[in-house]
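Participant: Sequence:
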Amino acid sequence: MSANASRNSQLGLLYLSQLLIGADGSIDEKEFQALSKIKNKESVSDSLFKEFELAVTGKDERDIYKAGMELINSCTDEEKLNSFVHLYKLSEIDGRVHVKEIRLLLYTIKNAKIEFNEVVARAKALTDY
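Here the numbering used here is used: the sequence shown runs in plain steps of one and ends on residue 198.
Derived by calculation from the structure, the hints in this document are not laboratory data.
A quick note: this is a predicted structure, and the numbers were derived from the prediction, not measured.
Warning: the hint list may mix true and false statements.
Using 20 angstroms as the maximum straight-line C-alpha spacing, the simulated SDA-like pairs for lysine to any residue come out as follows [said to hold, decoys possible]:
(1) 119 <-> 147
(2) 110 <-> 169
(3) 169 <-> 123
(4) 110 <-> 150
(5) 179 <-> 122
(6) 158 <-> 100
(7) 182 <-> 119
(8) 179 <-> 197
(9) 135 <-> 181
(10) 99 <-> 116
(11) 158 <-> 120
(12) 108 <-> 148
(13) 128 <-> 112
(14) 99 <-> 122
(15) 182 <-> 163
(16) 110 <-> 126
(17) 110 <-> 98
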């Protein structure tokens with residue numbers, strides 16, 4: 070995997086995570102911890118995370134979604150699947166899955182041309198999340 074592909078995958082995941090975390094209208098500590106875990110699992114550098122934070126500041130949800138999907142759609146199917154597994158697990162992290170989170174997940178997975186059942190199967194197989 071090229072450095073640019075990895076960068077796009079990481080940024081795309083961060084952009085979509087930002088949307089998912091705020092989708093239910095509340096952001097709790099578990100969601101912030103999960104974002105930190107994603108950052109560590111995906112080896113997102115501090116400089117790239119800072120770039121992401123600056124890029125989303127002041128942007129509306131539509132712009133964040135568009136940028137995130139452009140990044141994700143430039144990735145391989147395996148990178149996309151990996152990103153959506155993280156997002157799926159993130160949606161469950163606060164103990165409840167809000168309807169807006171489900172809509173966002175289904176919509177983004179469909180637009181990335183990834184099978185939802187494949188995401189669920191891989192997410193269920195993860196026990197260390």
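Participant: Please flag the earlier hints that this structure goes against, numbers listed from lowest up.
Facilitator: Hints 1, 2, 3, 5, 7, 8, 10, 11, 13, 15, 16 not satisfied by this model.
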